[in-house]
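Throw the hints in and build the complete structure from the sequences for me.
Each chain, written out:
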Amino acid sequence: MLFKIAWRNIWRNRIRSLVVIAAVAVGLFAGMFIMAFFQGAINQEIDSMVQTQLSHIQFHNPAFIDDKEVNDTITNALAIVNRLKKDPNVKAASGRLITTGMIASSSTTSGVEIHGIVPEDEKLVSSISKDIIEGAYFAGIKKNEIVIGEKLAGKLGVKLHNKIVLTFQSKTGGLTAGSFRIAGIFRSRNSNFDQTTVFTRFDDLAVILGTGAGLHEIAVALKDGQKTDAVALRLKREYPALLVQTWTELSPQMSLLSGIMDQMMYIIIGIILLALMFGIINTMLMAVLERQREFGMLMAIGMNKPRVFIMIVLESVVLTCAGIPAGILFTVITVGSLAKHGIDLSAFSQALSQYGFSNFIYPVLKQSMFVPVSLMTALTAVLSAIYPAVKALRFKPAEAIHKI
Amino acid sequence: MGNIIESHRLSKTYNPDTIPVHAVNNVDLAVEEGEFTALVGPSGSGKTTLLNLIGGLDYPTGGEVKIEGVDITKMSENKLIDFRLKNIGFVFQAYNLIPVLTASENVEFVMLLQKTPKNEREKRAIELLTEVGLKDKLNKRPSELSGGQQQRVAVARALASKPRFILADEPTANLDSASTENLLEIMAKLNKEDNMTFIFSTHDQRVIDKARRVVTLVDGKIISDTKK
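So the protein sequences, as listed, match chains S and Y.
Take the first sequence: its letter number 89 is residue 142 in my numbering, and every next letter is one higher.
Take the second sequence: its letter number 190 is residue 209 in my numbering, and every next letter is one higher.
Take these hints with a grain of salt, some might be off.
Said to hold, decoys possible - Derived EDC-like pairs (lysine to aspartate or glutamate); straight-line CA-CA distance at most 16 Å: (1) Y:K211 - Y:E150; (2) S:K358 - Y:E96; (3) Y:K181 - Y:E139; (4) S:K138 - S:E291; (5) S:K224 - S:D256; (6) S:K358 - Y:D101; (7) S:K276 - S:D100; (8) Y:K159 - Y:E139; (9) S:K449 - Y:D228.
Quick caveat, the hints were computed from the structure, so don't treat them as lab data.
Structure, rendered in structure tokens:
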């Protein structure tokens, strides 16, 4: 019956209760929407990094990681690539030659990381082939093709089919250079990547570097990204002489960012609920003070203090928790719709691309957050009821009964 | 018959350190089981304060109140609440029903506090409301009842806990003549047939006329005590 009383009591002042319920619903929606937005953005960022740069797993000569020396290639690299391509968990594997150097146009120079790739393999591992906005992904020019980012092209003042010169250290330690013609210009989600990374054919770069069939990196895309850790563990055992790393090991900051999202969610929801708490306290306090005579009567006829306390807490919980389903429903509908169509942030595209974010963010709602968020809200209701309840317990029945 | 209520040198003084007001001043009163007693006197004579002290709603500043030999003035607040639940029924001037509950639920509520099983609660609530002539109003909320009907629900609620006696503070003050007559008949009937002890404060001559004992208070002191 206490629950029945609590439920009916919250509707005694319909407008006031609806305001609190709406505040809880909107507060929860705001918190969960923000989290879904950031979760979506981070998931896209991770996908982008995995697709454009990292892939799921990478192989290196352990010495290469420290100094990126041209000589630190992977032994029997092509055989390993071919073996990986036959692995049932592997979607594609691509060998890369990597070196750093200078790219020069007729007007200026810039520092870049040069990737020598086999385009047919690379397009199965990386999404750069889909990001071409001018020209083609290694097609149409017979020798020394290069694909560069739009941002770098702008900086160098070059256009499609223009010539540029790459200068870098060869295997023998001396400086070497090669002239390349721009076959394609790409625009990925990450403008920094676009400005600092260029792609050439493996064969062209290997000739200039003098590395023969050696590879610096093997990038592996898996059929199921969820199995990355398990597959990497197996590959580490199979290739103990090589450094086998997952994307989380290669980019721990992204892994960390993904990991702290849940904690961020609880902090944001907590701040929203803290603000709501004052509204709930105010409402409950008004309800208690308006009903002094009723509480006086209840204590007079024999309702003990714990029961009075429980009644007020229950009322606060019922009032507050009535907003939870509304908040969750509103979030599910809104996020569900935006997850399909995306949130257009093209007005901020330049700033977003600096951090590798897409113009369209597709929010991701974790259903596992509903239970803890509901519990946090219920706890807020309980805490909000404490002061009004203590106030009610201090009423003297003889005085309270005669309050108007 | 033994005394169900006894007060000895009972006093309640408000503002003892500034301007003392002796609301109840050394009152000795004994009430036997089955009495139908009216506390009368002008406004400010101490009727309500005396009822509050007898009912354990307030603590005296002096003296004692014994209910069937138990001194309730020494009880803690929590024990006193429990004592009231088990032994005393209250009827208030302003009815004081729970507005969100129906007549039947209001009567059941006090039995719920006593942890009476649901079936028993429902059965007794119907019996009591029938007894006070509200069988057809079981599911009406207080706002749907007249003042007289609400006060009859309050009487039924007071009886629901099977108390040793009922204290009623100006029970007819807000009622019209017909409702007053009706309520008095019910109270008198309960007193006569069930031997329920009633102590009520009143200004109303019709109520005083029905009482079998009239205790008159002036300035917190009993100035007359008449049994009819």
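The hints, checked one at a time:
About 14 Å separates the Cα atoms of Y:K211 and Y:E150, which keeps this hinted pair within 16 Å; it holds. Restraint check for S:K358 and Y:E96: the C-alpha separation of about 9 Å stays at or below 16 Å, so the hint holds. Restraint check: the Cα-Cα separation between Y:K181 and Y:E139 comes to about 13 Å, which is no more than 16 Å; the hinted pair holds. A C-alpha spacing of about 15 Å is found between S:K138 and S:E291, which places the hinted pair at or below 16 Å, so the restraint holds.
Note on S:K224 and S:D256: the hinted pairing holds, with a Cα-Cα distance of about 15 Å set against a maximum of 16 Å. The suggested pairing of S:K358 with Y:D101 holds, with an alpha-carbon distance near 10 Å, which does not exceed 16 Å. Pair hint S:K276 plus S:D100 holds up; C-alpha atoms about 14 Å apart against a cutoff of 16 Å. Under the criterion of a C-alpha separation no larger than 16 Å, the hint pairing Y:K159 with Y:E139 is inconsistent with the structure, at around 20 Å.
A threshold of 16 Å between alpha carbons decides the hint, and for S:K449 with Y:D228 the separation of about 33 Å lies outside it, so the pair is violated.
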